[in-house]
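Novice: Reconstruct the complex from the two isolated chains, following the hints.
Chains as they are written, first to last, in my numbering: chain A, 4 to 309; chain B, 151 to 592.
Just so you know, the hints here were simulated from the structure itself, not pulled from any lab data.
Footprint (simulated), chain B over chain A, 3 or more residues, beta carbon under 8 Å: (1) 61-73; (2) 149-161; (3) 248-259; (4) 270-281.
Even glycine gets a Cβ: it sits at the ideal position worked out from N, Cα and C.
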Amino acid sequence: MSALTETPVVARPSRRVTRRTENAPKGPKESPLSRVGAMTVMLVFTLYFLIPIWWLFIAGTKSSSQFTSTNPLWFADFNLFANIGNLVAYRDGVFLKWMLNSALYAGAGALLATLFAAMCGYALAKYRFPGRELLFNIVLGGVLVPATALALPLFLIFSQVSLTNTFWAVFLPSLVSPFGVYLTRIFASASVPDELIEAARLDGAGEVRTFFTVSVKLMFPALVTVFLFQFVAIWNNFFLPLIMLRDETLFPVTLGLYAWNSQVNQIPELRGYVLIGALLSIIPLIILFLLLQRFWRNGLSAGSVK
Amino acid sequence: MRITKRAATVALLTAATVALTGCSAAGGSTDSADAACEPAEGKVDLTFTSWIPGIEEVVDVWNEANPDIQVAVQTGPNGNGGTYANFFNQLEAGNAPDLGQIEYDALPNFRVQDGLVNLASCDGVMDAKDDFVDWTWGQVSFNEDDAAYAIPQDSGPMAMFYRADLFEANGIAIPTTWEEYALAAEQVRATGAYITNFSQSDINQFAGLVWQAGGTWFGNDGTDWTVNLTDDTSIKVADYWQDLIDRDLVSTQPAWTTEWDNAYNTGAAWTWNSAAWGANSIASGAPDTAGKWAVAQSPQWEAGDEASGNWGGSSTAVFTGSEHPYEAAQFALWLNSSSESLTMLNEAANLYPAAKAGLDLPVLKEGVEFYGNQPIYDEFAAASGQVSSDFVWGPTMTQTYNDVSDGFKAAVSGNGTLAEALTTGQSATIDALKAQSIPVKE
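For reference, chain B alone in the conformation it holds in the complex (with noise of 0.2 Å):
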């Protein structure tokens, strides 16, 4: 019993620690004020975290070309896994690297705290504003004119995974709108299986829900910040999905585990309203319905409409503090804009592009065996024209995250209500802002 006590006594502490962790990062604070961003004289070298496997690869044909700006690649876990918390540590000691990998939904929580160089006045960053997906312009300059706080690398349009032979044996018809979809999860239910599972976890999943609903979580008007987790097209989509849980129509495994994977092996759910680089979730969950799956356009609101979310995807910023903004925004371009550089992003981790040329890659034109040789990318493409550009997510997305995940697995117990645990979480998130003084609005 003392070992169990002592290491409950030491995952105390390191909570607390972790605790102190983030109040130390929100004290610091540094100047981003970039005066010029002027290229430096003679051989530059360059640092750029990230946790994509593969990248030294893509990297090593970048240092090939530019034998005077060299760049050295470090890595780790993903973001919220350590990462993020690292940058902040590094930005604190004043070691950050140049570059980093910054997901959009964290990219405020970055400018909050001062990290990130404004990349605007650099040589060609804003002459290639209109080679990227409009709505991934808009996460990174936060939609101000002349400010590109990072450059987008890859997105996560969302569309519909389905059974195909499911829906065809059983004569349902693949659902358009959101209302057919209900329809549909009771005749899927009348078989036995389920249309889709409800994740408790991925809150930015939901998220990506809402944004097709076409709503936002946050706002900014420059000065003070805005949570709206509970406005009306967010406790819309928040009773569509209690509605369908409360009448045993949708499934609500924890996502992401062995049943969850054996569940869509096995047919007994039957949908994924998932992200582009799920592709290879499903392919890799579920390989015994190889050739079962296709890919179709979200469900919609109204009948008609166009209208598509977003799951995930990733920047590439530049830190406060580093000496080379300009080579640096020069190899972030490069990056994540020259279609060398995307199709070994896509081959290595199957990132789906930011980049409006990236979208054409050969690679992405093909067949997908494991679709029934549907190019399902094409698909995506078209949902990612369709993403709206007006969602803003807020500075400390990791804590709203947790507080509606905690409501989410009440609400799929049975304690509460989705939409209760919205609330909680608006008020949760409006506590934290203030915690950390960052002004909001109420």
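For reference, chain A alone in the conformation it holds in the complex (with noise of 0.2 Å):
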């Protein structure tokens, strides 16, 4: 959820400096006045982002008594490692399972979602055939439809084939990336020359062997976004696990913390379980796009040179 909202906050000011510059002739230069607003703008953006971080992280760091009675800001005694010890050994690790599960879910998915979303996205933009734009404006259309509102129907069909309850249940629907698509496919109109392809067809690649050697290379930044919005919209996924899971073994954590913190009035010593799982369930989309921002970046630049 952070990372993704954090992403908008970067680019708005780096787009507003990028147009000024154009508008001002005589240089690079910018009045120092403007310079300031921009970094204020920045800087109360990152605030607002980074204070329930930082937040989480100090709850985190508190044993219980500490965490109502002092500052919620500011360290008091450090009990991070006893706190992680305490999640990890509460009801035989029960957690690490759900951030397993998270992992799976959220990394297998988006793998395929990404490897989908490309082939198909390619296809639309490279062949052309008949119903093509029909096509898709429906997958396009599938873009303003919010999975949550698809949770209800799924769960139905699903009760139909008996799947319910099962990996299948959340890991399915997860393979679906209409956004992945549309972004695929105008890549891949923009990125991928047609001579290219022609050109390996002439050198005898067959249409797969052209699509994995040479396009997916040339796609790679959008699907790299692709991956990563998927990733953060499997991992952050809740409602679809709530309505399809009971076993708790098959829980992603968000569900799983979540189970918790709605037992925290009866069973207060939750809460502290509550908040460092917090903590720790969003360090994996912190490292993912601290490693993937590179080739994110990359691909941004590559189409605006031209």
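Specialist: Structure representation (structure tokens):
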């Protein structure tokens, strides 16, 4: 969640800066006033997004008794590792199981979703066939339908085939990414030249081979973007698992923490576990973004030079 | 900004989905008439959905002893957090679990949707009636003869938690009537603290106070529902608290927040009229006050009365569509009345039993260190016996809670009164019943 919302913050001020440089023919010099203004806006938004994480981190380091009685934005006794130890030990490490489940749903799901979206978008961009635009428009319509709205119909359908409360109930719907199809189609038509595909064909490569050896490499920045978006979407997906899953060992971490949090009134010690669990559950997203943003930035600039 | 807008759209659509879910659940109706409740041949596998952490270990004990009736536990968030919605979806899809945990205030909702099996014809169920505290059986039988739509599990008889040390140090007598409570509130306020915090969101706590005063919010004569949120008793209770709020004698922080915990932890709030399970909430929310709390019976409306309310508690129900109601009922009886199970449930999740024998469990007889070694559960056992059997919940409690809570939130910030909130809740509830085609008498 945090990772997803952070991106526009970074993007917005930089866009503003470029626009201003375009409008100022004299040179790259900026008035100090606008610079300070831009920095202030950035600073405010950065604080806005970072303070909750800071609060969560601080809360994670406190013992339950100090949690209510000490300054919420500063350290008391440092109990982070003891807290993590307690969390991991609670109910035979069910939290770790949830983290693994989330990693599996999001990792494998996003990987396959990216592959399917890439193939689909590529086909829509590079092959001419009747109904292509109609198909694309339907996919585009799919972008507008939020996944939450589909959860209940999916539950009823999965009930018909007795697949509710299974791994597949959450995994299969995660493989669909209309936004990914849209993005890869746009990107494929812009960055995979027809001439290159033609050349590959002339050299004797089949369509599948052309796709995997030539086109995928050219589309890579878009694929990273799709992968990241889909990974975050699945990781944060909550409503679908809530409706589909009953077996604790299948829960993703979001649902597990929510279930605990709903018990806090009666079983107060769960609050500490929810806090530290929430802190741990955002770490994979942060790591993923730091690792992949390099590719992502490449991709954003790739189209703009032309 | 685009993201925010989109988030808003998503939120809107989510709300729409939830509304739709409600409708589709309301549409479902299956025949709950169960001809006979006979044991099955051979081994039986049951599924049981409950959100109590640690209930798996309790069920393991049963599975060990009953190789022919194996129970698999399913879990999720608490009832209103999503599990009830799931139950309705599952009933609609025809794959509901055999057994499920349902709080007393949600039972009518499931009954109205024909989601519950009447277990009265199952062997041993009616015989167990006297094993449970009377009012809990009234909740699961809807006070009908020859009916048992669930087996009572736990209960939340209410009493008054209070700061024994502060009352003593300031020479303030422990109030035994609500009149004395209001007087004590003035004295406590004079020291700078508040006697308690009035929760704007815990409508079921307020219902417990009305329950204690002898009121009931709903009624059902077999066909028609009546809604009584605004009868004299409810208004009396609402006006009483409104007066304390108006005179700034109670604080009105949102409950279950850090500030709220902190008020108790720092001695800014002195009492809490709460349920048996609340003992742990204070102990964990106000750790610095260990040893300084005590428990007394709730203040009474008339001196010399002995009445208590109830806040919370749940039951184990068998869902329509279960192929093995007999085995399910046997399991539910064991789960909720055997001392082995009740002890484990109390240790794992602080459940306070609904079974009479459960009130005498050794773990509930001991002094509790946080409460100055007072055997506080003796007070709750006495309170449990004083809860009236007449209180009836309505079939749309989630909606009722929300509407009344909206009114309470406005009232504590100075817009309107608690009594007006009840009036709004009354008409909103009647509308909601009509919208679901539930017969209601006005």
